[in-house]
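For chain A, the structure is supplied; the task is to place chain B on it using the hints.
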Amino acid sequence: TQLLEQSPQFLSIQEGENLTVYCNSSSVFSSLQWYRQEPGEGPVLLVTVVTGGEVKKLKRLTFQFGDARKDSSLHITAAQPGDTGLYLCAGYPSGTYKYIFGTGTRLKVLA
Amino acid sequence: KAGVTQTPRYLIKTRGQQVTLSCSPISGHRSVSWYQQTPGQGLQFLFEYFSETQRNKGNFPGRFSGRQFSNSRSEMNVSTLELGDSALYLCASRRGVGGASETQYFGPGTRLLVL
Numbered sequence: 001t002q003l004l005e006q007s008p009q010f011l012s013i014q015e016g017e018n019l020t021v022y023c024n025s026s027s028v029f030s031s032l033q034w035y036r037q038e039p040g041e042g043p044v045l046l047v048t049v050v051t052g053g054e055v056k057k058l059k060r061l062t063f064q065f066g067d068a069r070k071d072s073s074l075h076i077t078a079a080q081p082g083d084t085g086l087y088l089c090a091g092y093p094s095g096t097y098k099y100i101f102g103t104g105t106r107l108k109v110l111a
Numbered sequence: 001k002a003g004v005t006q007t008p009r010y011l012i013k014t015r016g017q018q019v020t021l022s023c024s025p026i027s028g029h030r031s032v033s034w035y036q037q038t039p040g041q042g043l044q045f046l047f048e049y050f051s052e053t054q055r056n057k058g059n060f061p062g063r064f065s066g067r068q069f070s071n072s073r074s075e076m077n078v079s080t081l082e083l084g085d086s087a088l089y090l091c092a093s094r095r096g097v098g099g100a101s102e103t104q105y106f107g108p109g110t111r112l113l114v115l
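Line by line, the protein sequences give chains A and B. Counting in the working numbering, the first sequence runs from 1 upward without gaps. Counting in the working numbering, the second sequence runs from 1 upward without gaps.
Honestly, the hints are just simulated from the structure, not real lab data. All C-beta atoms, glycine included, are put in the ideal place defined by N, C-alpha and C. Heads up, some of the hints might be wrong.
To give a feel for the contact side, a few chain B residues facing chain A, derived at Cβ under 8 Å [unchecked claim]:
#1 Y10
#2 T14
#3 F45
#4 P108
The following block holds chain A by itself, in its conformation from the complex:
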């Protein structure tokens, strides 16, 4: 079974703190996407990482794809209450056409 394990599962932090969310698999991915989902809505794409070792920045969010393309991380600097939501990594394991999602990290940023 191809799984994308995310850690931590839950995270509650104060505004201004930094945090890192991890997405790990035993499978190689041709690319990985990160989404944020808010209550009552569908996931919204944040970024796609394609190349092993790639780092992408989106304002206060930094995404990294592992060298072996089996893992990824999302780092948020100076978190704000607006960052609250469910963060999901997802992708196609190499050689498959079934899109799989990570187990999710539920983030709550307190003002």
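Below, chain B without anything else, positioned relative to chain A:
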């Protein structure tokens, strides 16, 4: 440009009944995928349609089926509903079948409650 729309947004059914959910993709998008989201299992892939043909299918029983029409709108049907089918059903569309390089856009989902 209108986003992905799903109808209905909320639905309550009883065990044994069947249900049909609808998804209208973004204009110009020909690929539609369906996902089930539950607290226990997370987001799981159901199936993907492109040009009225099912391209991929997840590991769900045959009670879950879908179809796509010539205008790219898609429906999914669940027959003989079980309590465990209670979930948020999400539809996503994209322009083609370009794989991971192509962005999927998700609708707001249909929340199904089976009593």
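Quick rundown of the hints versus the structure:
no.	hint	verdict
1	Y10	violated (10 Å)
2	T14	violated (24 Å)
3	F45	holds (5 Å)
4	P108	holds (5 Å)
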